[in-house]
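Here's the letter readout for the chains.
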Amino acid sequence: MNQKLEKYFLICDEFIYCRLQLLNWVCQGANQSNKLHLATVNELKKVYDSYQTDKPILLDCRRVRDIGNNALNDFLKNTDFSRKIIFWNVNHLDKYIISPLLEYKIEYEHKQNSIIISTIEKGLPKQIEKKTQQLEQKFVEGKLVGCFEPYDEFKRLYSTHVLANGEFDATNLISAQDSFAWISIKLSDLVENYLASIRARDLSPDGKKYSDEKIMAVSFRSSPFAVAVANVLNKNVIIIDHLGPKHNEYDIEILDFLNKGTNIIYVGDFLIGGTEVFISQMYSKMFESDLHFAVVIGSAQSNKQGELCFAEKFEFNSLVNLKELILPKVEKVEYKLFDE
Amino acid sequence: MNKRTNILHITDFHLNNFGNDSSEYLREDYYENYLRQLCVLISKKIGVIDAIVITGDFVDKGKTENFPHVIEIIKKLTLILNIDDSNVGVCPGNHDFKILEEEGGKIVKESMDDYKSFEMHYSKGGDLVYCTNDRFYITKLRKDVYFLSLNSCLNRKDNKPSKLTNKESNEIIASLKNISDNPETLLIIGSHYPLSYFDSAPYPDIDGWYDHHIWRSGLILKERIKVSLRQCKILWLCGDTHLPGESIYNNQLFIMSGRLGEKTRFISREQIINQFEDQGHISLDDISETVDKITEEMNQEHRQARVISYDVNGQPEVYTVEHSSRTYTDHSQYGYWRMHYPDRFSHPTKVAELIPKATMDLIEDLDVNGELEDLIIDEIKNNNLYQFNRYYLGDGKVSLGWISINVLLSSNNNLLQLIIISISEWIKSKLEDVEYQDSILIGIDIWGAVIASNISLLLDLPNYSKAANDNTDSYIDQELFTHANRTYNYFDKKNIIYITGIISSGSSLSTLHNLLYELYDKKDKTIEKEIGISILNDNNQIKNNLDFLTSFGTCCTKVKIPIIDEDVLPSEDIIGEDI
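Going line by line, the protein sequences match chains A and B.
Heads up: the first sequence is residues 724 to 1063, going by the working numbering.
Heads up: the second sequence is residues 11 to 589, going by the working numbering.
Hints in this document: simulated from the structure, not taken from any laboratory.
Predicted model, so just to flag it, every value in this text is computed and none were measured.
Hints are supplied without guarantee of correctness; some may be wrong.
[Claimed, not checked] Derived EDC-like pairs: lysine to aspartate or glutamate, alpha-carbon spacing no greater than 20 Å straight-line:
no., chain 1, residue 1, chain 2, residue 2
1, A, 727, B, 442
2, A, 958, B, 377
3, A, 758, B, 377
4, A, 730, B, 470
5, A, 861, A, 901
6, B, 150, B, 113
Use the sequences and the hints to build the structure in full.
Written out as structure tokens, the structure is:
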């Protein structure tokens, strides 16, 4: 039987793991991803019944805030739980899960923001945070290694001023469902962490109060990720259709929809020289908004600060430091300017 | 058109010996009988003929002294069919020029003068001539019926079709502006030499047959006319090969007809083998079957007249009327005309199916009311997204409307999700009868890629994102064939689903289709089903050869986006850039 969700589960010795939000997205659509519907539960049931049967299922419920129409009830009622299932990071979701568990008299344990359901043994895996992070990181790094195209000699990267011994092709990351979904979710985490940090300080990095927050992308291959992040986090997105292979001069009017004083968060695929971020920063300035923060899938910069020759500095975060990856043929990616 | 429009096509009289000692079908004592039988059959079975087009080789081997007889023959035809000479369009064939100088079987110098006098008897000599020179002329044969006469033999060398220069091609295209490009109009193009390869052409090539009979440099006109005239029906008529052939390409129908005149010729199997041996490029052992086939084919008389009959909706039927004899050696008077069941052709004016709003329960959570199309219209209206101005599309075309798909889809997350879910459900319904997993989504440009990547998750199908820029074909090439080596493997799926924001002329989609077709061919794979999806589509605009799509769906057809020729707009010098 073809199981739609299997490919999204990450596997270690102790458990199989996925984000519930990711599964919701796959089954219900991106901006329904923070609510669990029956469509997801039905697919989840197939995984529970047959996929990697001897391992517990660990579901990280981060950013899932609701369960629609008692969607979990039938699953809870009709499952014997000889296989352990752990809802982790349940936050506000606990009441939706515990209520039917009590109704159907199902054994469970509720601790450390988790609900563990099993008829055999309870308990959380040790170092759950660290292990899941390692799984996610390993998965993303593996996908980046897989999309690397080594060159026989240094060549200019398309639309940059940089020579490289190979190229990371984001088309591959978008093409495969698992890499696209996981990378989008991971980018969303970085944006969410940034927003949480500025909210904790109650202001933006430059001390301004912003009226709005928007995600921005300027390249063709960044756009699917940027729109996904915007939908997952329920933010609006601005795509500047003006860079990369397709030039569309009429669509700069998208910036008319930018309110003054918007905090722009750039989402991109790869940050090598930083040109796209700087151009986004320039467009933001033109419309009296600011871009202080960028997230990218991979970066060749390691200091988390854009310090090249344009405009203002910006802070950035990336899922992977490209220079640390062990790559086929070339071993390490290298970048240099023309005159080096 | 208020009724059917019937065009009679005849060709290749090859009048050599008009005398009664001849066995030619158009000889003095037989042609009346021969043509009367033909016309009676046509009138009885089809009805009134509106125009006649004759595509050259009126006389044989430069015997231009026979033109008065040819005029007599055509007169008989027009009298029986009750047609005026001005409703007759002609173009010259390679036999119609007086040979002035010949060297070793090759014509060195020839004269068009006699032909030029001859053609003035017909539409070219009438009042409705738009442009004229030795290469071409345009006339109006009847209301809504135009005739472009092409001289594919002008300045020919080595007995091969002549070279059409860029300048001549430009002149022809510019002159076509005299024709109103609307669905009512029929443009007939007469060319003695065919410019397409038809299935009936001999294979393998014998004695450079292709070089001598296909007007390769004229092929450019096919493409340019396709772009210049999108709305009207175009009918290409040609002769020369004495073989029948038919093909349809977008709004252009190509008909090649067999000869009308000349005596019966029989070519023996031995003569054909000798031809092969003389060329020395094929071993006799390998071609036995081929020789049989060619012998049979070359001895088919294909003595024909064709009637191309357009119905009120502009869809053509092609009637073939063929003269048959009992044996190859029968005298012509024992033969008879018979009419074949008509071939029907459909001009592909691709109309997109409207994608309905999805029925999934999740829609309730999206907080959207109304049908998908209405929601899109509301969004366009509320955000003032329709801009009326001139937007250059390339190919000499201008779109008078522009809607920013970028703003439309960025401005409302729920609308984007509704579109994604609705398209997903529609695709599922279109893939019901095929192996579902053997499919790939191709997202074209930014929003096509965004939608395809999301549908990819919902439908569990791979997707490929692709930038379409008509001006950088080499980039498209590079991306598909070399740059994306790792995604190369995706392209063995049988079903391809293209997703794009808006289709204006359809050229991006057809370019991509052609590239994929080539790629699949290289991999010895075939594409079984191609589905096209757009957010917006104006069904009034004829699309650029999208007949390869098995299904074509759109979320919104109500927004009209007129596309017109750049030339018909007033200059920017006069009214400024903004209209």
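Structure-based check of all given hints:
1. Between residue 727 (chain A) and residue 442 (chain B), the direct Cα distance comes to roughly 18 Å. Compliance with the 20 Å bound is thereby established for this hinted pair.
2. Taking the CA atoms of residue 958 (chain A) and residue 377 (chain B), the gap is near 16 Å; set against the 20 Å cutoff, the hint holds.
3. Between residue 758 (chain A) and residue 377 (chain B), the direct Cα distance comes to roughly 14 Å. Compliance with the 20 Å bound is thereby established for this hinted pair.
4. For the hint pairing residue 730 (chain A) with residue 470 (chain B), the CA-to-CA distance comes to about 10 Å; that is within 20 Å, so the pair holds.
5. This hinted pair checks out: residue 861 (chain A) and residue 901 (chain A) have alpha carbons roughly 13 Å apart, not beyond 20 Å.
6. A hinted pair counts as satisfied when its Cα atoms are at most 20 Å apart, and residue 150 (chain B) with residue 113 (chain B) does not qualify at roughly 40 Å.
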